[in-house]
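From just these sequences and the hints, can you work out the full model?
Heads up, the sequence shown is in this note's numbering, so the first residue is 1 and it goes up one at a time.
No lab work stands behind these hints, which were simulated from the structure alone.
Calculated lysine-lysine pairs in the BS3-like style (CA-CA distance at most 30 angstroms, straight line):
1) LYS485 with LYS530
2) LYS466 with LYS443
3) LYS381 with LYS480
4) LYS346 with LYS381
Quick list of simulated restraints, FRET-style, between CB atoms:
5) GLN93 with ALA354: 24 to 34 angstroms
6) PRO202 with ASN178: 12 to 22 angstroms
7) GLN139 with ASN352: 33 to 43 angstroms
8) LYS85 with GLN472: 52 to 62 angstroms
9) GLU395 with LYS492: 33 to 43 angstroms
10) GLN93 with TYR213: 15 to 25 angstroms
Ideal placement from N, C-alpha and C gives every residue a C-beta, glycine not left out.
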Amino acid sequence: MLTIPIALALGLTLAGPTAVADDDFGGPGLTLDATSSKADAAADTLDEVQAILDGDAVGRGGRTTDGRSLTVALRDLKRDMKYLKGEDNKQAQRFLMRPGEGGDPYIPGALPWSTCGPQICVHYTESGANAPDGSDGVQGTIPQYVTDVLNTIEQINTDYIAAGYRTPERDGALGGSNNKVDIYLGDIGPQGLYGFCTSDDPHDPFDESDPGYQDFSFWAYCALDNDYDSSEFPTNTPFENMQVTAAHEFFHAVQYAYDAYEDGWIIESTATWVEDEMFDDVNDNRNYLGTGPLAFPNVPIDYYGSGDPEELSGFHYGTWIWWRYLTEKFPAKTGKLPKLVLDVWKRLDAANGAGPDRYSTQGLADVLKNRGTNISAEIIKFQVGNRRAKSFYDEGNAYTPAPAAAIIGLAANRAAYAEGPINHMASATARFNPKNLSQKAWKLRLTFDLPPKARGAAAVVVVYRKNGKIDQTTVKLDKKGNATKTVPFSSKTVKGVDAVLVNTSTRFTCWASNESPYSCFGNPKDDGLKYKVTGRTVK
1 MLTIPIALAL GLTLAGPTAV ADDDFGGPGL TLDATSSKAD AAADTLDEVQ AILDGDAVGR
61 GGRTTDGRSL TVALRDLKRD MKYLKGEDNK QAQRFLMRPG EGGDPYIPGA LPWSTCGPQI
121 CVHYTESGAN APDGSDGVQG TIPQYVTDVL NTIEQINTDY IAAGYRTPER DGALGGSNNK
181 VDIYLGDIGP QGLYGFCTSD DPHDPFDESD PGYQDFSFWA YCALDNDYDS SEFPTNTPFE
241 NMQVTAAHEF FHAVQYAYDA YEDGWIIEST ATWVEDEMFD DVNDNRNYLG TGPLAFPNVP
301 IDYYGSGDPE ELSGFHYGTW IWWRYLTEKF PAKTGKLPKL VLDVWKRLDA ANGAGPDRYS
361 TQGLADVLKN RGTNISAEII KFQVGNRRAK SFYDEGNAYT PAPAAAIIGL AANRAAYAEG
421 PINHMASATA RFNPKNLSQK AWKLRLTFDL PPKARGAAAV VVVYRKNGKI DQTTVKLDKK
481 GNATKTVPFS SKTVKGVDAV LVNTSTRFTC WASNESPYSC FGNPKDDGLK YKVTGRTVK
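Here it is in structure tokens:
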């Protein structure tokens, strides 16, 4: 059973610290049953795809059904379809049909015309609801929108290759093109879909009798909206929405050339990250910061999906900010793109059973080690820096800093504490503010009672002074996770003090359940442990 706890307890009294529930501190209310049968799990996957098409808020296991999540949902359905019988199997087959074949639920009807470049073919129609703007019904005149899509994706493909990435695998003559990557245009906006990529590559990497056993790379095709009309996509211009969606979805096709079955969080977060790298002026991915780790530092960075509360829908898209942090720290580029993300995908490579085939967090840990750091240290710096995001990032003026889990005002000779579980790759901040402590001698004594260091516990104290200076100290915990730290706390000079408690653990029991929302479909080993910090005013 995997459970993410809900609340951080905050003790705040005059006489001494006691616990009072703080309902404003929330994590996703997700409980997963790792013992469900393969048939039941397959039925859940089918239901999730249907929920996405229906526009339902929450699908299986409380996961998001945001329209951009269709790519991973279809991937999972491809994996699980063999466990479905009868009408469920037939429905799954319909969901996995290519657009334009007449029976798929995304772009019903034929897409009889194509225009191709050196690497890409765009398929479309000039009649009915799926016709793009500028359609005149004459095959010899190509609508400008179709030309824009083709030119945009050809350039994206060129830029990705120049940055060191593989080009997507090819499917021969399937889809009506001559061994090129197929892009299908249709009116998918009314279904809440921006776009998606998936595969009808027939090999099964999970079947030992299949010639493609343990080859987790697939060819891919993609679908985009036929106009990105502002009535359906109200942010940005239609052209800008096409650009960033093309960058995002085509990156999925590239990812499939490495490992189509990699963890969902890294698939979606790196695709959302690359949007802004390719089209920096659009800034569409900022819309997801309010659902990711910048807004919810108490949620694990590697969390894929959503739950209760509903505002966590699409958390994995907001996790692009993790890659922005890492690539601003390690900015070296190949072509247009920072090399760090490419190096991670090379570590995840599971094509033809010959690559390293590391899982998401594991591959990232390898890459960071090769850069002279480690993933625990970077998780700490990320979580602490997000509290002052506006000065921490190049474009931070547009970001909202991460919130504190508890805000505590302390007067003379008073104490209070914040206490609660913190899950892996996540944090909670107790903010202590001085109240009427005018004498310079006043200090704040912080006592930390955390889990053992070996289980990922860490703490950082940040003093924000009224003159704008920031003093930051990593707390030296003993092996048991205990420590005391005293810092200035006069109202005359100190605005406030952050005690940032971090669980840096990246330890998992892997392959626990296909419905796990974490790295390696695993069960985290160090979740649910109690973290406690007590603040006391002293002279």
